[in-house]
Amino acid sequence: MFRRLLPLAAVLALTATGAAAEALGPVSNAAAQKECSVCHMAYQPQFLAADSWSAIFADLSNHFGNDASLPEATLKEVTDYYVANAGKPVGGRITETKWWVNRHSELPDAWWVKVKYKGNCVACHKNAEQGYYSEEE
Amino acid sequence: MLKIFLAAAIVTGTALLPAVASADPARDAILAGYLTQAKAEDPAFTDFSAERGQAFYLATQTGGKPDTTACQACHGADPRVAGKNVKTGKVIEPMAVSANPKRFTVAEDIEKWFGRNCKDVLGRACTAAEKGDYVTFLVSQ
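Chains P and L supply the protein sequences, listed in that same order.
Count the first sequence with my numbering and you get residues 26 to 162, in order.
Count the second sequence with my numbering and you get residues 10 to 150, in order.
Below, in silico cross-link-like pairs of lysine to any residue (SDA-like), each with a Cα-Cα straight-line distance of 20 Å or less: (1) P:LYS141 / L:PRO75; (2) L:LYS99 / P:CYS64; (3) L:LYS111 / P:ALA56; (4) P:LYS139 / L:LYS99; (5) P:LYS143 / L:LYS93; (6) L:LYS96 / P:SER86; (7) P:LYS59 / L:ASN109; (8) P:LYS101 / L:GLY124; (9) L:LYS96 / P:GLY117; (10) L:LYS99 / P:GLU60.
If you are wondering where the hints come from, they were derived from the structure by calculation, not from laboratory data.
All chains, full assembly: derive it from the sequences and hints.
Structure (structure tokens):
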């Protein structure tokens, strides 16, 4: 019984310390997980506000320099999932939100060259896809 | 003793056969569809060619994005091994059917990728002939 309560206790404890972003869980929609993880990891919806997600999904053929177009039905399902589960941060992309910039401000430029791009969470946050983002390095 | 020897010989012989892509009805139907379209686009078109497909796969294209001037930019020079997204470094499973038997069996997925990647690599849609040649090449690998 305690084993089942432990994850809940962990989330509550982390929420209490204001560190809820460290225990988000994986992307829980199968289509979103599949379609959004072919080029980069599927980012958890809490990382952007609903309007920010809507803007991204409205223009997938110009997705940060590449064509990421989806068939209509899949696009609707994925958009609905992200919008319904969105968080607070406003911005064109996760790595430009105030929250993200503040959290990563101490890292040198050379760091980003090493991991290729700022959205490469898993390079340092090994369990990012499961929703764990506590400082790993 | 002889039976065991014969059995071992057959197993070894079979294992040494070159990898041949097994026929897949879904893939065959998709290729047939592309062939119909290719002939509609060009009545002189006869059939797909793995050689043309290979040339297309390897060729440096113009008209697309600077990162992706060829299919091989992401899929690698050898389609039988995994490729890598040229922008993000994410691993892309091999394109060759011998290495990845599910390739080219779901029409919606194929069209999704041709739609995106032809635009990024060539700056335009691929013709049905190009698509069919490309798939035929990768079936042969």
